[in-house]
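J.: Chains as they are written, first to last, in my numbering: chain A, 805 to 1182; chain B, 805 to 1182; chain C, 805 to 1182; chain D, 805 to 1182.
Heads up, some of the hints might be wrong.
To be verified - Below, in silico cross-link-like pairs of lysine-lysine (BS3-like), each with a Cα-Cα straight-line distance of 25 Å or less: (1) B:Lys807 / B:Lys833; (2) C:Lys955 / A:Lys1069; (3) C:Lys1069 / C:Lys1035; (4) C:Lys1069 / D:Lys948; (5) C:Lys833 / D:Lys833; (6) A:Lys955 / C:Lys1069; (7) C:Lys833 / D:Lys809.
In case anyone wonders, no lab produced these hints; they're calculated from the structure.
There are 4 protein chains.
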Amino acid sequence: MAKEKLRIGMVGYGFMGRTHSNAFSQAPKFFDLDREPVLTAIAARNTERAEEFASNWGYGSVESDWRALIDRDDIDLIDIAAPNNVHHEIAIAAAEAGKMVMCEKPLGRTAAESSEMVAAVEKAGVSNMVWYNYRRIPAVTHAKHLIDAGKLGRIFHYRAQFLQDWTIAEDLPQGGEALWRLDVDVAGSGVTGDLLAHCIDTAMWLNGGIDTVTAMTETFVKERPHNITGKVEPVGIDDASAFMARFGNGSLGLFEATRYARGHKALYTFEINGENASLAWDLHDLTRLSMFDHSDEGTERGWRSIHVTDGEHPYMGNWWVPGLHIGYAESFVHQAADFINGLDGTAAAPTFADAHQTDLVTDAVLKSGKTGQWENAS
Amino acid sequence: MAKEKLRIGMVGYGFMGRTHSNAFSQAPKFFDLDREPVLTAIAARNTERAEEFASNWGYGSVESDWRALIDRDDIDLIDIAAPNNVHHEIAIAAAEAGKMVMCEKPLGRTAAESSEMVAAVEKAGVSNMVWYNYRRIPAVTHAKHLIDAGKLGRIFHYRAQFLQDWTIAEDLPQGGEALWRLDVDVAGSGVTGDLLAHCIDTAMWLNGGIDTVTAMTETFVKERPHNITGKVEPVGIDDASAFMARFGNGSLGLFEATRYARGHKALYTFEINGENASLAWDLHDLTRLSMFDHSDEGTERGWRSIHVTDGEHPYMGNWWVPGLHIGYAESFVHQAADFINGLDGTAAAPTFADAHQTDLVTDAVLKSGKTGQWENAS
Amino acid sequence: MAKEKLRIGMVGYGFMGRTHSNAFSQAPKFFDLDREPVLTAIAARNTERAEEFASNWGYGSVESDWRALIDRDDIDLIDIAAPNNVHHEIAIAAAEAGKMVMCEKPLGRTAAESSEMVAAVEKAGVSNMVWYNYRRIPAVTHAKHLIDAGKLGRIFHYRAQFLQDWTIAEDLPQGGEALWRLDVDVAGSGVTGDLLAHCIDTAMWLNGGIDTVTAMTETFVKERPHNITGKVEPVGIDDASAFMARFGNGSLGLFEATRYARGHKALYTFEINGENASLAWDLHDLTRLSMFDHSDEGTERGWRSIHVTDGEHPYMGNWWVPGLHIGYAESFVHQAADFINGLDGTAAAPTFADAHQTDLVTDAVLKSGKTGQWENAS
Amino acid sequence: MAKEKLRIGMVGYGFMGRTHSNAFSQAPKFFDLDREPVLTAIAARNTERAEEFASNWGYGSVESDWRALIDRDDIDLIDIAAPNNVHHEIAIAAAEAGKMVMCEKPLGRTAAESSEMVAAVEKAGVSNMVWYNYRRIPAVTHAKHLIDAGKLGRIFHYRAQFLQDWTIAEDLPQGGEALWRLDVDVAGSGVTGDLLAHCIDTAMWLNGGIDTVTAMTETFVKERPHNITGKVEPVGIDDASAFMARFGNGSLGLFEATRYARGHKALYTFEINGENASLAWDLHDLTRLSMFDHSDEGTERGWRSIHVTDGEHPYMGNWWVPGLHIGYAESFVHQAADFINGLDGTAAAPTFADAHQTDLVTDAVLKSGKTGQWENAS
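From just these sequences and the hints, can you work out the full model?
T.: Structure representation (structure tokens):
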């Protein structure tokens, strides 16, 4: 018997448009899904490139305006893979049209934006999710299982960092298609919304809510040529952002993100220290979960490098055989699969409401970066 | 303008059937191909499972006999993803029918088998390739480029190992669908053909031909229940195999493979030591290439961990952004792409003729394991 | 010709008394010294244990009161290896008596204390030094050389942590001989003075002065039995302390220390990110310095693991042969050697004045931990 | 009450003379010894340098001939730290004079030599030991304890390597004081006796006797200037040596040593794979023991990095505090302590008889390197 279809309308064809399209393309080949995803249409202003993208990924048609996508009856889900500044408008319109909505992170440029987006999907009662993909790297999911099983005991510390080095060159322009992440009007913020948002999403998933934060933000390169205006203009984003946090469970948090850490490309790491055990993970060695278990025999204790590639590990039974790696893109495949299989039961997280909590923290970080005070984050 | 199609007939739907199907499915989405691969048909005796497989991967039809596949006019390429004992017959029949042939490794169970397969494809003049996929892990390909550029100077040492631990349990049966690798009649040999063949293929690609070898082979578990006969029967494969080698360039080789190295899943490693530089790689950390460059300033020398994820690194410009990993499966995607783009120009390696050289070495290893003598390997 | 002697009077026989005694014992065997250190006398209240210690290390005599040591004419140098609460009084008395003074870190329990200590040694014009030993781990010294040579360019980030896990058990007592580090009256503070002080000393040596800080401190276990009073008493020290900093050179700092990071024994790490290169080091792998050099050929860039064991590396020509490790204790040997060889020329650092700067930072950290504000640190 | 003295006569003042002298100097400061070692005298032909050495380490007197040392009544122990070619004569003379004998490894240049040395000490009934120091790196000793406790079960594999790169330069001379290891007359062999001997000693200690071997040896640089003759002469040593082995317990061994592995200084590694657990160690990270324990919960299994620095770990309770490293030299300190504390009870190993077994293996390796056959090794 044929499965019910999930007809997808994609907005955007950039880096994230590719990861999402690949996710929906691969998911049914490796996972048993409740519905069959169909890449129905894509919307983008540059229709020439959109046509090429559609042809590559098998989208049935192309729209030059996302509003046309929302108007179509043959679309069930709007997936927003466009820059941050259009998330708000598109998501609300889609929800109001009764479409399910998936949105690339961060949900809003501000918590005010995402608050309205949450209200819209909840009012419409439509399924919704935000692409915080790192939850579904199998080693990260495994960490969640171990924590939920009570392996760690009382938590003392959580620390995370996301280090990159791609904007050190002073002549790198801001704005334009490839570099909109440097344009504060489009991106909303710099590394706080782009990188720390990932760290915060994972942190609150693993360790619960964050109460208060104090932050330090910096823009190392104060002016850059703007691709659109053609002029050298002040840089509005934060190049680096660090904050200290107090979690609701009494543990302490330390977070840092930067695009000025020479030698690191996408070094997202976290570590959580509990009374009985600690866990650590690193995106540059993504198949490994490090665990120190204090309940091991005294002289035999040590950090274990758990190679999360066995059939019993999260998601891995659906891929190859033990020892063989999957990569970054598969985390999106897992998310697509979980979203689809949560449609008729327990909704997969993070929902818009979950992601709004992250925006509350990033807002507090940006505010504290200016006030120098501890700020409420929830 | 529509591209010429490359219509594929797949034989087998097991682990390798999946990796090959995924390769042809993903290749056109990430690489600019000269022809468009089409998953036309699959042949397998178990048609129920074959139907399921065909549906999952989009094959247009199913045949219960690979001969029917070869007879079809709408098939350009026969891809053999079936167990080793049928490689010989299928490949020769396919070549004689004028089909291109791709074959999972090892090419033959013996060099005698592969010798006839080489003769068949060469007589027919059909394109051919063997799926030694590890050449196309980007870090391995990068190693090849550095060696070819003369970075290492005179070579002194090459060492490789492929360590697994999945057959330690004595009650694991031999034979049958999942475990044919333990049945010597089907597999031809144990770890020598399954694992060392990979090490040898890479070694000869990077460091040239092997002249002589002396080997040590062992079967730790002497009897196992047989899935097909239902009886406990002697185990005919080698559980472990190690050999020392002399390469044509005067360097020394040391190779080892086993399925009894507790703690290792698929630890394929190699290291090559040259006068001026050394390189090392490890499948469990596949995105990294380690390099020691003696020409670095004396007090600043050290093994570099090259994170092979930049756009300038082999194949990586077609995937995501720097720092984000691809996995095992992508090596097959690269091979599919290279095969297709080599059809109208320089044929991509390893061809059947190349893979036959590997079979000559594995034959010599197995022979030496019995004679205790140094044996010629070419 | 016999060398001039440097007659040492040691105060304390604990962990630090051993490292200092070993340093003066080993230094002349491995380094060419301007003067010959002589372990002349040791002072401690527990004379029985002091006698045993003196016998073990070859001290000529024992005093029950450090004042007696200072009164002796046959002592040139007072080395303070006693708990923090007596540093101030002993150092000032020693200086006033015209003795050279070496003092275990931190110099004072507060910057107010150390300010007076600096004044005393400067007024007396006596040689002085504080045992921030980690500067003289060869890999750390090598980092200093590379930074001073301009290898890194403009600095963006400095981060350091010192993670331990030895006080997690709630029944661990505070105070008494072995555990005075948990008694705030004796120690002055918890991890801030004990661990962060090391991180700060290295940081300012490598990256210059710190202008301002904002901190988060926590005492996880609020009450502990007191070894001296025999009662359960409030814990006055900080169990964990983290702070963000702005350096004078415009770079950002992130520092953390704790004794509640399960799985880490003495994980002191630092990393510094510059425009052209980055460096990282780790006490648990102390012979290695990691360096990323952006000036390396693009596709060959990677973090280098410099094995700091060659004869050309700092201090290493005096030990064994390349590849063979020294350990923690040798950093004290180097410091003893440098102190002695700086007596007649350029004084070796860190002097009391240098260490006072560290106390200013730790004071600011502790203050900010209470106020929640950014505080001046110099 | 004063302890009985152990009066030491040292032969040689080179690299090993330093490590042995340091061992006897440090041992009583860190270990509770049954006797008090006294550095009584040193013998060496170059008396000027010997005087300097004696002064540095506190030897009471100097002899220009080792025979004079043996003749002295105030010497209890002759410690041979001289080149390999004099081990045989000195050891036998010392034993015949009733002296205890310690000897740097390898015991003889050949098993024939060491056989006579064993006979001499056994006939004389004198305590004896060979300085295979790596047994007493705490992580290695810990491995021995875990194996003896039955942690690993049936053993399948043992592999070891000792990789260096210091003789790659073709203009490096052979012979003379610093480079006698390249002179076959003095050294007996190249890397087989110098490096593989270490690997073999540890291997047989951990995994029992070796029955048979087949080897491959090579001299990459065939001629070198000779420091003594002043002429370019053929090189008689093996630059590289690898062998495969069958242990008495049925496990397979793989060994390799070379001085032509660019990038490695003293990379001695071993790994042992058992049915239930595996262990691995590496001299370049000497404080760690890696263990994979298959009895761990399935999804939580992983290689543990045991940081062998706790008070409960072998020898470590006598040094500093958890997390702080000792180095290479301390392994000699441990051996000196164990030798002394075994004098009146169970003799510490390896004795001359134990070390002779290693010489039997190295002889078989060198022989097989020529014959190309499997050779008996015991």
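J.: Which numbered hints turn out to be false for this structure?
T.: Those not satisfied come down to hint 3.
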